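Chemist: Residues per chain, in single letters:
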Amino acid sequence: MTMKRRFHITLPLICFLTPVLLWLVLLIVLPHVDLLRMSLRAEDDYGNAIWSFSNYMAFFQEPIYWLTFVRTAVYSIMVTVMTFIVAMPVAFYITKVVAPRFQGFLMMLLLMPFWVSELVRVYGWMILLRESGVINHFLTRMGILNQPIEMLYNDVTMVMGLVYTSMLFMAVPLVSVLESLDDSLIEAACDLGANMGTIFFRIVIPHAMPGIVSGSIVVFMLTLGNYLTPNMIGGKNALWFTEQIYNQFIASFNWNQGSAFGFLLLVLSSLVIWAGLKLTRQKLSRVVQ
Amino acid sequence: MQTDLSVQCVSKTFGDFTAVDNVSFEVPQGEFFSILGPSGCGKTTLLRMIAGFTAPSRGKILIREEDMAGVPPNRRPANLIFQHLALFPMMTVAQNIAFGLQRRREKRSDIQQKITRILERVDLPGFEDKAIDQLSGGQKQRVAIARCLVLEPAVLLLDEPLGALDLKLREQMKVELKKLQAQVGTTFVYITHDQSEALVMSDHVAVMNQGHFEQVDTPQNLYHQPQTSFVSRFVGDNNAWSGVVKRCEAETVDIETPSGQHFRTRATAPLTPGTAVDLFLRPEAMIIQPAADLPNLNRFEVIVKSLLFDGANSRLLANPLNDDTELLIALPQNRQFDHIRRDDRIEVAWDEQSGICFASSE
Amino acid sequence: MIRSLPNSRRYLYSYKLYIGLYFAFLFAPLLVTCVLAFNDSQFPYLPWNGFTLEWFTADLPERVGLFHDRMNLESIWVSAQVAFFVTILSVTVGTCAAFLFEQEEFPFKSALYFLMLSPLVIPGVILGISILLFSNTLGMFFETHLGIDVPLFRPGFWLVVLGQFSFIATLVTLVVSARLRKFDRTLEEAALNLGANRFEVIWHITLKFLRPAIVGAAAVAFLMSFENFNTTLFLVSSDTTLPINLYLQVRDGSTPVINAISFLLIVGTSLAAAVNLYFSRKQD
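Protein chains in written order, with this note's numbering: chain E, 9 to 297; chain H, -17 to 344; chain R, 39 to 322.
Because the hints were derived from the structure by calculation, they are not lab data.
Treat each hint with caution, since some may be false.
Stretch-level coverage of chain H by chain E, calculated; a stretch enters the list once three of its residues show a Cβ under 8 Å from a Cβ in chain E [as the list claims (entries may be wrong)]:
no. : region
1   : 45 to 57
2   : 78 to 89
3   : 126 to 134
The structure displayed is predicted, hence computed values, not measured ones.
Glycine residues also receive a C-beta, built at the ideal position from the N, C-alpha and C atoms.
Isolated chain E, as found in the complex (with noise of 0.2 Å):
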């Protein structure tokens, strides 16, 4: 490690830091500085603009508006949940369970979905279970259903889509947790008389957690601010939050109205990150490494 040196401008240093100011203070700070102020403008009864709540006044007294963001919020969070206990088994059997030589290979399958556009597994989904879907063609066939059924555009299966879509997110930071995981630990706790249970809640968990958070934020935040899965296959009465904020920008043509649920949505996604690295006393520089 090198000293920490006193602090000189020098070329080197104006090289690196211009480019990345630019790209931080013109992509990042100064659109949602402006997505703020937007969120903040609304025209007064003789169309002139003035700054004002309403916007936000109107989420609250619309109740389709906040049930949609509660319902978003509630559901981005089970997804989360149920993506954990799905892909931690998974994570656990491909570090720890199979023998060495398949690891690579069993690697190489879990992450190949994820290189496939998101569109074209969420289309793979629908010609699978539409009414004139392939699984319907199957049951039919087999006599288990008397006629097809309607598999789509339901919760139940925009909650498995949002699953499917997120599960590498959560495998991959928990595959790498696991592998730095000592066996010999696992092995220590079953010999101090430890069964399966225990080993699991007391060693594997909390030597997991970086893993399991950093997993958790990206499917949240991807679930959260996911367009595609509800929008194609999720229930068309129940609408998730970013269909409101597609709908007021490019339906509506109301901007300042899908500011204000754009920065409402970005508070959200920051609380529930916020809260869960307090919750589980981590960082957030140290989980995405």
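Guided by the hints, dock chains H and R onto chain E, whose structure is given.
Modeler: Below, chains H and R alone, put in the same frame as chain E:
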């Protein structure tokens, strides 16, 4: 006296490879028993079978006269100190020690008491709330031992726990471990590839090679009365010559080396003339410039190749005349031999009783 | 429990069953999509009417295969161009950022680092609308105060590039930083000691060391950009990228041409992933 551990004709094969080959031994209560062998000799496999992580292919393992077949590791009265200790980094010292007791559903107040007592015993009073990464190497060692001892196992298994320590601490821990074992009286089964660890600490040592035991004996006997050439080579330093038996009477044999030297020494078994043998001789068995009237010595001349000064462990490196066998000769630091220089020609000798020979394995 | 402990047969069998189901779940939609690209039917449904390549090659009135489908081909071309520029931009800026955060000292470094990480936790939709709003504000400003119309500030190709770049650069930064952290700084000191200046050192020593990470990050950046939907949705205008184009088609009803495109995407990305994996294995 009760037998704490009895291993009966145990073998373990992985495919065509035999890791442990028909090993039997018994460890009486309260003994410090070591298994000494080079890496890959099967000692870790043997230990893992005793701990229950691996099932033997054949044979029986009994702990306190109870057959352990089918008993999973978490139900065995044997605990293992892992090579890298495997202390749980997510818990404090006290939580680590309490872990096994909680699994037995012991009362909280009892657990508290036991932790305090065992920490005093391993000389770490007041360390309950320390985190594992705050401890030094030696302290971690002692916490790992405390974590197992608090469960009062019939047998404590130790898998080279000193290997990761630096030299000085290792020397210190050897002594401490032996003292601790004497104090608590628990049966220890210790595996190592370091002969000094085994010799210093153990009551009995088994020397293991390629899956089988070569010799089970006290450290003194292993050193002075090795039963096989492997033990002679592996335990302590030894000079080795090859030779051919000329004459054999009871326990004494006459040997001729390829360069034509004649030695008289003892053998562990009768040897027929003409047999190729290996002759072993400790460096400290060599007498430099012996008095002319001493009887029963093998005398010969050597040329000093180099002086290896190492305090009390100083040696001479020398060749016999007309022979390029390298000999190590202990060089006592009593100033008597300060005159010896490189390339000097000196007389050395050894007592007929201090060498030992075996029929060579080839 | 783990491979070095004795496990009951029931445990291992039920575990294997679970893993089998997981992978079936993982691959079922992809496999079905691929298979139905070759079905001789007007719709991507069963029953199987026989194998055909017409959804790739045909140019008939009732059946236009992918290779003759102008709209889809154009959107692939647009996506490739966007991905190209996003890759160049994000690799350049991301590498700068990696050097900045790993090797330079300056005030408010940790605050800036935190800001750099923030695109990871901002939903893509929000990123899209924020950039849309801000560019619109800038465009209005330029028009009303300076009287110039800047096309860059309207939704379109370059805004899509900037929008995707804004978060892909963070991923590149993280990948390159991870490699840079493993770099032995004494190599740089040795080069400096031999008379090189800071930029020569970076060019000849450090960048050579970082090359595998940069190539890997570029591949990931290209794919992420090629497939991005959320951010692009708000910034796109008439020249649609492939995911947006597919979305519009799927929403209006599907034809096996979509399966054909999906098939090519799946095969293409799997090959790219395999090649990438092969090279990263070789590096280690």
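Chemist: None of the hints should be skipped; say for each whether it holds.
Modeler: Verification of the hints:
Given as covered by chain E, the region 45 to 57 of chain H passes the check, having 4 residues with a CB less than 8 Å from a CB of that chain where 3 are the minimum. Note: the region 78 to 89 of chain H has 4 residues with beta-carbon separation from chain E under 8 Å; the three-residue rule is met and the coverage holds. With 3 residues carrying a beta carbon less than 8 Å from a beta carbon of chain E, the region 126 to 134 of chain H meets the three-residue requirement, and the given coverage holds.
The structure meets every hint from the earlier list without exception.
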